[in-house]
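Enquirer: Residue 10 in numbering that gives the first Met the number 0 sits at position 11 of the sequence shown, with consecutive numbering throughout.
Think of the hints as simulated: they come from the structure by calculation, not from any bench.
Even for Gly, the Cβ is constructed at its ideal location relative to N, Cα and C.
It cannot be assumed that every hint is accurate.
[Stated by the list, open to error] Below, simulated EDC-like cross-link-like pairs (lysine to aspartate or glutamate); rule was C-alpha separation at most 20 Å, straight line: (1) Lys104 x Asp87; (2) Lys104 x Asp89; (3) Lys139 x Asp80; (4) Lys104 x Asp36; (5) Lys104 x Asp80; (6) Lys129 x Asp80; (7) Lys129 x Asp89; (8) Lys139 x Glu51.
[What the hints assert, rightly or not] Quick list of the computed label-pair ranges, beta carbon to beta carbon: (9) Gly106 x Asp156: 21 to 29 Å; (10) Lys129 x Thr107: 17 to 25 Å; (11) Gly102 x Pro150: 12 to 20 Å; (12) Val166 x Gly102: 20 to 28 Å.
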Amino acid sequence: MTMTTKARRLTVLLAVGGLAALAGCSSQQPGAAAIVDGRTISSSEVRDVLTELTPYFQGATTPNVLSVLIQEPVVVQVAADQGVGVSDEDAQALLDQSVESSGGKAGTHFSDASLDVARYSVAYQNLQTKGDAALAEVQKRLEEQKVTVNPRFGHLDDSDVQVSDPVPWPWLHAASSDATPAPTPEPTPSATP
0 MTMTTKARRL TVLLAVGGLA ALAGCSSQQP GAAAIVDGRT ISSSEVRDVL
50 TELTPYFQGA TTPNVLSVLI QEPVVVQVAA DQGVGVSDED AQALLDQSVE
100 SSGGKAGTHF SDASLDVARY SVAYQNLQTK GDAALAEVQK RLEEQKVTVN
150 PRFGHLDDSD VQVSDPVPWP WLHAASSDAT PAPTPEPTPS ATP
């Protein structure tokens, strides 16, 4: 594996877990993992990405994938604005290279959502060559988005641009192995004298 391949794989992995804008869902959008400025990211898109890309990019998590899917349109647009745009062919080439480096055959079919993740990765890598001003523009645009995240998929962190792990419901507690067993009820005494 060449250093370029290692660097690209690392970049993709970091992109999947990197900074990202977040999205949400509303009760009127069943199946939504997130809604960003009225655009729905479905739970099936998140699931497809995890299923398709996890064999090639270990460490991908649901919150990371959702973050990337939320951020992808902004990152790709800023890259285009900066003169370092990304084509569908660039995204497919990155995925083909990842598949081949893992022992698979290039030309594997990927969903549109997986291509979005690859497009994000290439665009983000390209933007890093443009300096802090380009990355600051990405951050600014991400913060301007109206994002709602389905709590089953996570929640927005304090920066409002990254999806964090879901918060467990406060009334649900896992039983611990050293917990005191519940007392056994005693039979009630007979009411007859």
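Enquirer: Work down the list of hints and note, for each, if the structure agrees.
Expert: For each hint, the structure was consulted:
For the proposed pair Lys104 and Asp87, the alpha carbon gap of about 19 Å is at most 20 Å, so the pair holds. Using a Cα cut-off of 20 Å, the hinted pair Lys104 and Asp89 holds, with the two alpha carbons roughly 17 Å apart. Proposed proximity of Lys139 and Asp80 is supported: the alpha carbons are some 14 Å apart, at most 20 Å. With a CA separation close to 38 Å, the supplied pair Lys104 and Asp36 exceeds the 20 Å bound.
With a C-alpha separation of about 34 Å, the suggested pair Lys104 and Asp80 falls outside the 20 Å cut-off, and the hint is violated. At most 20 Å may separate the alpha-carbon atoms for a hinted pair to count; Lys129 and Asp80 meet this at roughly 11 Å. Among the hinted pairs, Lys129 with Asp89 is consistent with the structure: their alpha-carbon atoms are about 18 Å apart, no more than 20 Å. Taking the CA atoms of Lys139 and Glu51, the gap is about 31 Å. The hint is violated against a cut of 20 Å.
Between Gly106 and Asp156 the CB atoms are about 37 Å apart, so this pair departs from the stated range of 21 to 29 Å. Between Lys129 and Thr107 the beta carbons are some 31 Å apart, a value that contradicts the proposed interval 17 to 25 Å. At about 38 Å, the CB distance of Gly102 to Pro150 disagrees with the hint of 12 to 20 Å. Between Val166 and Gly102 the Cβ separation comes to about 38 Å, which falls outside the hinted range of 20 to 28 Å.
Violated hints for the displayed structure, listed by number in ascending order: 4, 5, 8, 9, 10, 11, 12.
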